[in-house]
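Participant: Sequence:
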Amino acid sequence: MKVFSFIFQYLLNPRKIGAVLPSSKYLAEKMVDSIEFHNAKYIVELGPGTGVFTDKIIKSRIQHTVVMLIESNKEFCGLLEERYKNERNLIIIHGSAEEIDKYTKNFNIPYLDYVVSGLPFTSLPKSVSSAILIKTKKLLRKNGIFITFQYTLFKKGFISHYFKHINITSEYRNMPPAYVFRCSN
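Each residue of the sequence shown is one higher than the one before, starting from 46 at the first, in the numbering used here.
Incorrect hints may appear among the rest.
With a straight-line cut-off of 27 Å between C-alpha atoms, the simulated BS3-like cross-links for lysine-lysine are [said to hold, decoys possible]:
{"hint": "1", "residue 1": "Lys119", "residue 2": "Lys147"}
{"hint": "2", "residue 1": "Lys209", "residue 2": "Lys182"}
{"hint": "3", "residue 1": "Lys119", "residue 2": "Lys187"}
{"hint": "4", "residue 1": "Lys150", "residue 2": "Lys86"}
{"hint": "5", "residue 1": "Lys183", "residue 2": "Lys150"}
{"hint": "6", "residue 1": "Lys147", "residue 2": "Lys101"}
{"hint": "7", "residue 1": "Lys130", "residue 2": "Lys171"}
{"hint": "8", "residue 1": "Lys70", "residue 2": "Lys101"}
{"hint": "9", "residue 1": "Lys130", "residue 2": "Lys101"}
{"hint": "10", "residue 1": "Lys104", "residue 2": "Lys70"}
{"hint": "11", "residue 1": "Lys209", "residue 2": "Lys171"}
{"hint": "12", "residue 1": "Lys187", "residue 2": "Lys101"}
{"hint": "13", "residue 1": "Lys182", "residue 2": "Lys86"}
{"hint": "14", "residue 1": "Lys187", "residue 2": "Lys147"}
{"hint": "15", "residue 1": "Lys180", "residue 2": "Lys200"}
{"hint": "16", "residue 1": "Lys130", "residue 2": "Lys119"}
{"hint": "17", "residue 1": "Lys130", "residue 2": "Lys70"}
{"hint": "18", "residue 1": "Lys147", "residue 2": "Lys200"}
{"hint": "19", "residue 1": "Lys150", "residue 2": "Lys171"}
{"hint": "20", "residue 1": "Lys86", "residue 2": "Lys187"}
{"hint": "21", "residue 1": "Lys101", "residue 2": "Lys119"}
{"hint": "22", "residue 1": "Lys104", "residue 2": "Lys182"}
Derived by calculation from the structure, the hints in this document are not laboratory data.
Computed from a predicted structure; not experimentally measured.
Using the sequences plus the hints, can you model the full thing?
Facilitator: Here is the structure:
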């Protein structure tokens, strides 16, 4: 059911969804493998879609870790709300990642340990991508990490304007294959 919903939403909004199929479990594992869950107090996921990365985050986090999901697609937001309705310390926002600072302030989240992003920076307008990256960088604590994936290395230079250190790994067991960017200052 998730796959069909994802494909349908892609057909309606290809620039916002960015992929025809949801991310693989292998990409999800690679996206969260650098998160030190035992030390993480605040994690935000931008563009969780159908929750492939969210599942890994929820299963791995410690009980008191606050996780905020920011999803602009109403259909996906509904799926996430239904799936995670019994989860504690989980905040689901139907809104834009550009407002990450507003949402964290509204929920008294003072900083972020990790930001995990499924956003398609290649297809987002440059001004939108810039706003998201500026606010994300400002909210990350010292040694905090911004983790995103892209299908090409095209945006590496753009992202490097915001983060000094970018570690890139590949995940070929995804359709299409993807690059995981772990970004920090």
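Participant: Run every hint past the structure and note whether it holds.
Facilitator: Here's how the hints hold up against the structure:
Taken as a hint, the Lys119 and Lys147 pair is honoured in the structure, with Cα atoms around 19 Å apart against an allowance of 27 Å. Proximity of Lys209 to Lys182 is assessed by CA-CA distance (about 11 Å); at most 27 Å being required, the pair is judged to hold. Between Lys119 and Lys187 the CA atoms are separated by roughly 33 Å; this puts the pair beyond 27 Å, and the hint is violated. Among the hinted pairs, Lys150 with Lys86 is consistent with the structure: their alpha-carbon atoms are about 15 Å apart, no more than 27 Å.
Between the alpha carbons of Lys183 and Lys150 the distance comes to roughly 13 Å, so the proposed pair stays at or under 27 Å and holds. Straight-line distance between C-alpha atoms of Lys147 and Lys101 comes to about 26 Å, which keeps the hinted pair within the 27 Å bound. Only pairs whose Cα atoms come within 27 Å are accepted, and Lys130 paired with Lys171 is rejected, the gap being roughly 34 Å. A distance of roughly 9 Å separates the Cα atoms of Lys70 and Lys101; the hinted pair therefore holds under the 27 Å criterion.
Between the alpha carbons of Lys130 and Lys101 the distance comes to roughly 16 Å, so the proposed pair stays at or under 27 Å and holds. This hinted pair checks out: Lys104 and Lys70 have alpha carbons roughly 13 Å apart, not beyond 27 Å. Between the alpha carbons of Lys209 and Lys171 the distance comes to roughly 19 Å, so the proposed pair stays at or under 27 Å and holds. A hinted pair counts as satisfied when its Cα atoms are at most 27 Å apart, and Lys187 with Lys101 qualifies at roughly 24 Å.
Taking the CA atoms of Lys182 and Lys86, the gap is near 17 Å; set against the 27 Å cutoff, the hint holds. Simply put, Lys187 and Lys147 have alpha-carbon atoms about 20 Å apart, close enough for the 27 Å limit, and the pair holds. Straight-line distance between C-alpha atoms of Lys180 and Lys200 comes to about 18 Å, which keeps the hinted pair within the 27 Å bound. For the proposed pair Lys130 and Lys119, the alpha carbon gap of about 16 Å is at most 27 Å, so the pair holds.
For the given pair, Lys130 sits about 22 Å from Lys70 by alpha-carbon distance, which is consistent with the 27 Å threshold. Taking the CA atoms of Lys147 and Lys200, the gap is about 26 Å. The hint holds against a cut of 27 Å. The straight-line distance between the Cα atoms of Lys150 and Lys171 is roughly 25 Å, inside the 27 Å bound, and the hint therefore holds. For the hint pairing Lys86 with Lys187, the CA-to-CA distance comes to about 13 Å; that is within 27 Å, so the pair holds.
Restraint check for Lys101 and Lys119: satisfied, since their Cα atoms lie roughly 22 Å apart, inside the 27 Å limit. Taken as a hint, the Lys104 and Lys182 pair is honoured in the structure, with Cα atoms around 26 Å apart against an allowance of 27 Å.
Hint check: violations occur at hints 3 and 7; the rest are consistent with the structure.
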